[in-house]
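Undergrad: Starting from the given sequences, assemble the full structure and let the hints guide the process.
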Amino acid sequence: MTVRVEHIVKHFGSSSEAAAVADVSFAGQPKAITTLLGPSGSGKSTLLRLIAGLETPDSGRVFIDDQDVTTLSPQHRNVGFVFQSYALFRHMTVAENIAFGMKIRRLPKEQVQKRVAELLALVQLPEYGSRFPAQLSGGQRQRVALARALAIEPKVLLLDEPFGALDTQVRLELREWLISLHEQTGITTILVTHDQEEALELSQHVVLLNKGRVAQAGSPHDLYDHPADEFVASFLGGANVIKSRVSDGEAKVGTQSVRAPAGASEGTPVQAFVRPHNMRVRRPNGDSPKDLGKIERLTRVGGYVKVYVSLPSGESVVVLMSKGDLEALHVEPGDSVAVDVVDAKVFVQSYSI
Amino acid sequence: MSGLVTQRAKSAQRRDTQIGESVLVRVLLITLALAFLGIFLIAPIVTIFSAAFSKGTGPYWAALTQDDTLSAVWLTLLTAGIAVPLNVVFGIAAAWLISKYDFWGKSILITVVDLPFSVSPVISGLIFVLLFGARGWFGPLLSEHDVKIIFAVPGIVMATTFVTFPLVARELIAVMQAQGSDEEEAALTLGASGLQILLRITLPKVRWGLLYGVILCNARAMGEFGAVSVVSGHIRGLTNTLPLQVEILYNEYNFVGAFAVSSLLCALALVTLCVKKLAEWSVSSRQAKRDASARALAVPASSTVSLEGVIP
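Line order of the protein sequences matches chains A and B. 1 is the number of the first residue of the first sequence in the numbering used here; add one for each residue after it. 1001 is the number of the first residue of the second sequence in the numbering used here; add one for each residue after it.
Hints are not guaranteed to be accurate.
Stated by the list, open to error - Chain A is faced by these chain B residues, among others (derived, beta-carbon under 10 Å): (1) 1044; (2) 1179; (3) 1180; (4) 1185; (5) 1188; (6) 1189; (7) 1192; (8) 1252; (9) 1277.
Just so you know, these hints were derived from the structure itself, not from any lab. Ideal Cβ positions, reconstructed from N, Cα and C, are used throughout, including at glycine.
TA: Structure below.
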């Protein structure tokens, strides 16, 4: 049960426009959840629709189970597709919705009924078979959509922003539920999302897309801890960007110097990406005054405090500190503080604007 | 309590003075509206029936059961019976194409679909005379093979089909575009063929829009005068539809006959409107029922979403 795409290219409209998907290759991990992550317009949904056959690639190949399905109609690909908009058949009951794919396959009636009951139990809606979609909440509808997709025993399950239209509480619940559902079924799943938290929590393998290309693929930790470029670093987890220049093989970031990228010559402009929780503010302690920043604002977020600091270079950074740590410092907006960097990723600044 | 009541009364009063006009203006406006309604809608209908029955039920019945009238009824039903199903098929095809696919020339096609509405019915009739008449493009070819279209039933059916074409298509295009293609795509990934999707997903989804379009199309097909008048040739008992029959009888000063046939058309229109109203009412009551039960479910629904550890 594997999914593989090779050198997929897809344009919409005239071919002079930028490609929606530009030469993407990746492989979904068998029996695992692979996430296609990216900002809107990165081509992730298009890629998923290409795998399902709902779009036709300009070039490239799609393989499901090592079989080339590039020219196969979606009707015969046997994939389960779940839409952000649920796409339940509004004139059919929940049970009829789930039974649809099996009826198309002309399975015997008793078998269909039995399987519908099983699936209703699996998605925890056993009493809801005779309801119409309009009578269900958003979370319930999406679970019915999942049951309908699973009913055809698909080779792969494709989820297109399945929780995108739901409110936060339901989204978090469904996320956990999806993990346990996946543990039960073990079906190869590809999930499209723009929500990095969802990606990091749900999947063991993330393909991060940007402007129709793969920016980086790997385990969530890999992407987070070892971003391949500026886009990955800034998209995942949110990061402060601090500009600097290489001097003596090092770049100044806050009050500290970090090692510059290998091969960066003296004076090269660089960008340091620092996660908010990888910075600390402290009271000045023999630091040169030109290295000190000024606290502009403190915003409490649960047990943490966001400290907005303006650096001497004029750049603003956000530092995330626990409430206790910050209270021990006795600082207030307007105070001068030193900013320490625990961990930073430094990239040679690209010349694109 | 009493304070609340006076407050309400006050706010009601304030609302009156804010939104309402003075009593005189209100009476004037309502009278005007009623007079307009009476003169332009009620009076004509009353006139039709009173003129039709002016000499009693005997002459009325005699006028209706005249051979020419009966054949006009038959021709009208035949025409609608052919034109409406044709337009249902064409309308579904056109709406499906326009709402589900993107292609070059789509906007041109949408304009062409609307063409019969924007052209005067007389012109619509003339188009067919110019195409199939004795001196028309296909005239010589047709007379060679002894096929009669103009001044015969085929011409009437064609002109009616042309004039009523947009009614089903427009109705369906609006509904289909509003509903999107997600459900069709879902059915496709579930293994349904194009025909299965059309029959099991798309048509059930648009059935009320389709019914509405069919009703309007039927009403227009039975009542069409201009285009049919041009192509019919007014041959009594052969190429007269009900509206043409009315005109002929009226021109012959046979007022009872003219109004009797008119009353028949009028009754058809009223029945059509009733069916339309029923369809609308059925849709809205179903919608209301769904909304109500969805509301009723809202509270238990949120409690059933708790998921932790329920999976065996």
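Undergrad: Determine for every hint whether it applies to the structure shown.
TA: Cross-check of the supplied hints:
Contact between residue 1044 of chain B and chain A, as hinted, is not supported at the beta carbon level, the nearest pair being about 41 Å apart and thus beyond 10 Å. Against a cut-off of 10 Å between C-beta atoms, the interface hint on residue 1179 of chain B holds, since the closest Cβ of chain A lies about 8 Å away. Nearest Cβ of chain A to the Cβ of residue 1180 of chain B: about 8 Å, under the 10 Å cut. The hint holds. Interface hint status for residue 1185 of chain B: upheld, as the beta-carbon distance to the closest one in chain A is roughly 6 Å, under 10 Å.
A least Cβ separation of about 5 Å between residue 1188 of chain B and chain A falls short of the 10 Å threshold, and the interface hint therefore holds. Satisfaction of the interface hint for residue 1189 of chain B is found here, the shortest Cβ-Cβ separation to chain A being roughly 4 Å, below the 10 Å cut-off. The restraint placing residue 1192 of chain B at the interface with chain A holds, with a minimum CB-CB distance near 5 Å, inside the 10 Å limit. The restraint placing residue 1252 of chain B at the interface with chain A is violated, with a minimum CB-CB distance near 53 Å, outside the 10 Å limit.
For the restraint placing residue 1277 of chain B at the interface with chain A, the shortest Cβ-Cβ distance is roughly 22 Å, beyond the 10 Å limit, so the hint is violated.
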